[in-house]
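Q: Okay, here's what each chain looks like letter by letter:
There are 2 protein chains.
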Amino acid sequence: MTLPQSYLQMISTVSAEGELTMELVEKPMPELGDDEVLIRVEATPINPSDQGVMFGWASMAKAASSGTGAHTRLTAPVSPQGMGVMKARVGQQLPVGNEGAGTVVAAGSGDYAQSLMGKVVAVMGGGMYAQYRKAPAMMCLPLKDGHTARDGASCFVNPLTALSMVETMRMEGHTALVHTAAASNLGQMLNRICAADAVELVNIVRKPEQAQLLRDMGAKHIVDSSSESFKADLVDAIHATGATLAFDATGGGELASNILAAMEAAAARTPGAYSIYGSVKHKQVYLYGGLDTSPTVLNRAYGMAWGVGGWLLPNFLAKAGGDVAMRLRARVADELKTTFASHYTDELSLEQALQADVVARYYAKTTGEKFLICPQK
Amino acid sequence: MTLPQSYLQMISTVSAEGELTMELVEKPMPELGDDEVLIRVEATPINPSDQGVMFGWASMAKAASSGTGAHTRLTAPVSPQGMGVMKARVGQQLPVGNEGAGTVVAAGSGDYAQSLMGKVVAVMGGGMYAQYRKAPAMMCLPLKDGHTARDGASCFVNPLTALSMVETMRMEGHTALVHTAAASNLGQMLNRICAADAVELVNIVRKPEQAQLLRDMGAKHIVDSSSESFKADLVDAIHATGATLAFDATGGGELASNILAAMEAAAARTPGAYSIYGSVKHKQVYLYGGLDTSPTVLNRAYGMAWGVGGWLLPNFLAKAGGDVAMRLRARVADELKTTFASHYTDELSLEQALQADVVARYYAKTTGEKFLICPQK
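Sequence order for the protein chains is A and B.
The first sequence begins at 1 in full-length UniProt numbering and counts up by one.
The second sequence begins at 1 in full-length UniProt numbering and counts up by one.
Only chain A is shown next, with the shape it has when bound in the complex:
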């Protein structure tokens, strides 16, 4: 097989003048080291964690696209506040796309690299929204026979995140979980994991159809934040499960605060003397996403034993150590087509992923939608 001389790579740049640009740049085919392989990227998903790098704090409601084919560009203005947050990335061409899968089409001279030639592998290496990607052979997860790039495209971020939420719960002494944006691809995986591991899970969704989707999956505790009885329902569900740990994908607004208040109200149902400083059991909400970029507002009406903080998969894995990471990865490979199956509603070419109307759809994606980029299209 003859490889082309160059390939297209999607990058995101914030200019000093306050404009975000996403475009395709032409890159020369890379040289391979002995222990490196070249992957022809065939399938790479758009995860919420990618959107943070792609769009940052730009005003996406004002995004526009121009050009066609390899010259398609997306631009969006950035407010002064957004520029403050993104100061450190001004002028840097950031490659985007955390994970993906494809076929190894070239390999260095090392034995392991050579053994991957022609294999379908998945990799979490960044810069995956590209036609080709160089990667260390050791970083590649060879898929089992019969599994396609499409099957393995999402086998790192969401599966490891969902598994790590349950690991975090155990490591920090909690016994049940609350999850927001719970009908997401990640949320569905988490439901399957919790069902298999007998962990009680409170699912918070934003729409009745999301509640229905989870109910159809067999989820037991589902609370709809669009319902008038949301806060009372949440207290009931938290009381029923004893959850004192939540993972929130939205990040902004009052949701984290409302979850902590519900945990406190649930704790107060257990008879005991009133304490002015609140319940003693630590209540924690981790913000692992930023679907809502507005500030997090905490009213602190839940005593003193609470915490809110950022949560990021690589930081967790670094803390948990290599053995845990290996154990989780092995489970993903074993259960790729069951627990960790991803369903895609749209397949986009690199160019399509830069068109303003398409971007608007995946930026504000609705129930069950999940977008896949197929760079060979």
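Please note that the accuracy of each hint is not assured.
If several chains are the same, the list does not tell them apart, and a pair holds so long as it fits within one copy or across any two.
Below 25 Å or equal to it, Euclidean Cα-Cα: the simulated BS3-like pairs (lysine-lysine) are [said to hold, decoys possible]:
| id | residue 1 | residue 2 |
| --- | --- | --- |
| 1 | 220 | 337 |
| 2 | 370 | 220 |
| 3 | 62 | 27 |
| 4 | 134 | 27 |
| 5 | 231 | 87 |
| 6 | 281 | 87 |
| 7 | 144 | 119 |
| 8 | 319 | 281 |
| 9 | 220 | 377 |
In case anyone wonders, no lab produced these hints; they're calculated from the structure.
Given the structure of chain A, go ahead and fit chain B onto it with the hints provided.
A: Just chain B, lined up with the frame of chain A:
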């Protein structure tokens, strides 16, 4: 010595109708168990942690007092939002005053209780804003010879809190501290501890005269939040000290968020590739007080490795264990007149502490002011 038949005790009550009342109630002299003592309370400080119990979320700007002597009452309206937060305490007569000191004037038949007769002891037992207080003998800390009730009145809350901040820093892997409302009695103790233990401390104050007070004490890093260069000064001080842990007494508003942003900006000064997910070292702000009852607003412009949470001395001591608590207590007794000396600007009778004009002063206390209640006045 003949004891009276009854004594006065200060209580705080929130009615279902939305009114806070603080008043003195007459209580019968308690019966003593074998291992209990009766303390004639002579000195008991008004700490910020007491004010939480005294006033809760009432609108203190609208407080009014009525009556005289033992019939002095203070009332203040409570907003619907405040009622929501204080639901669990509606109708409960809460005794106030966490700590204090006085003379043991009666004792049960137990040997240890008897050994305390006539001694000056300090105790952290709650309900100390009273003429008398029954306490388990084991809970009493006998002061060294020559130390008065006034010397020992504040020997638990602030000394143990300041020491526990440094313990928390060590337990959680940080190497320097940031402290807000840093000119407070507690803040001054923390400066003395950090100087003795060679721990770098960034002091955040709100006024130039508070900065001067700390400068006169020999504090090295002082940042004034009323200064135009506050944010830049804070980054400089955090960069100089490497602090990744802060204790914030104010709780509300944007201060915690600004501290985290400054920690992130300080981390970004260390050369290295830009990471979209921010610096990897965990940055933590503990809210240990609520001088500002408005919501805590977090703009999350500091990556993913951060946390904000409540921090409460009893919860910390429970987690740290008995040995740590004993070690800290022994240090307080040894250094009561030096490191842990408290200076009081006002001495109030129980009645005075309920007068609206006096309450207004200690509710919004300024630099260096610290109020002591002397229930025998």
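Q: Now tell me if each hint is right for this structure.
A: Hints and how they fare:
For the identical chains of this complex, residue 220 and residue 337 are intra-copy neighbours only, at 23 Å inside a copy versus 60 Å across copies, given an alpha-carbon limit of 25 Å. Taking the shortest Cα distances, residue 370 and residue 220 sit within 25 Å of each other inside one copy (24 Å), while across copies they are farther apart (54 Å). In this assembly of identical chains, residue 62 and residue 27 lie within 25 Å of each other by CA distance neither inside one copy nor across copies; the values are 29 Å within and 68 Å between. When the C-alpha separation of residue 134 and residue 27 is checked against a cutoff of 25 Å, the pair qualifies only within one copy, where the shortest distance is 12 Å, while the shortest distance between copies is 80 Å.
Taking the closest pair of Cα atoms, residue 231 and residue 87 come within 25 Å of each other only across two copies (15 Å); inside a single copy the shortest separation is 38 Å, beyond that limit. Proximity of residue 281 to residue 87 under the C-alpha cut-off of 25 Å is restricted to the inter-copy arrangement: shortest distance 19 Å between copies versus 39 Å within a copy. For the homomeric pair residue 144 and residue 119, the shortest alpha-carbon distance inside one copy (10 Å) is at most 25 Å, but the shortest distance between copies (78 Å) is not. Taking the shortest Cα distances, residue 319 and residue 281 sit within 25 Å of each other both inside one copy (23 Å) and across copies (11 Å).
Proximity of residue 220 and residue 377 under a CA criterion of 25 Å is satisfied in neither setting, with 40 Å inside one chain copy and 62 Å between copies.
Violation of the numbered hints given earlier is confined to hints 3 and 9; the remaining hints are satisfied by the structure.
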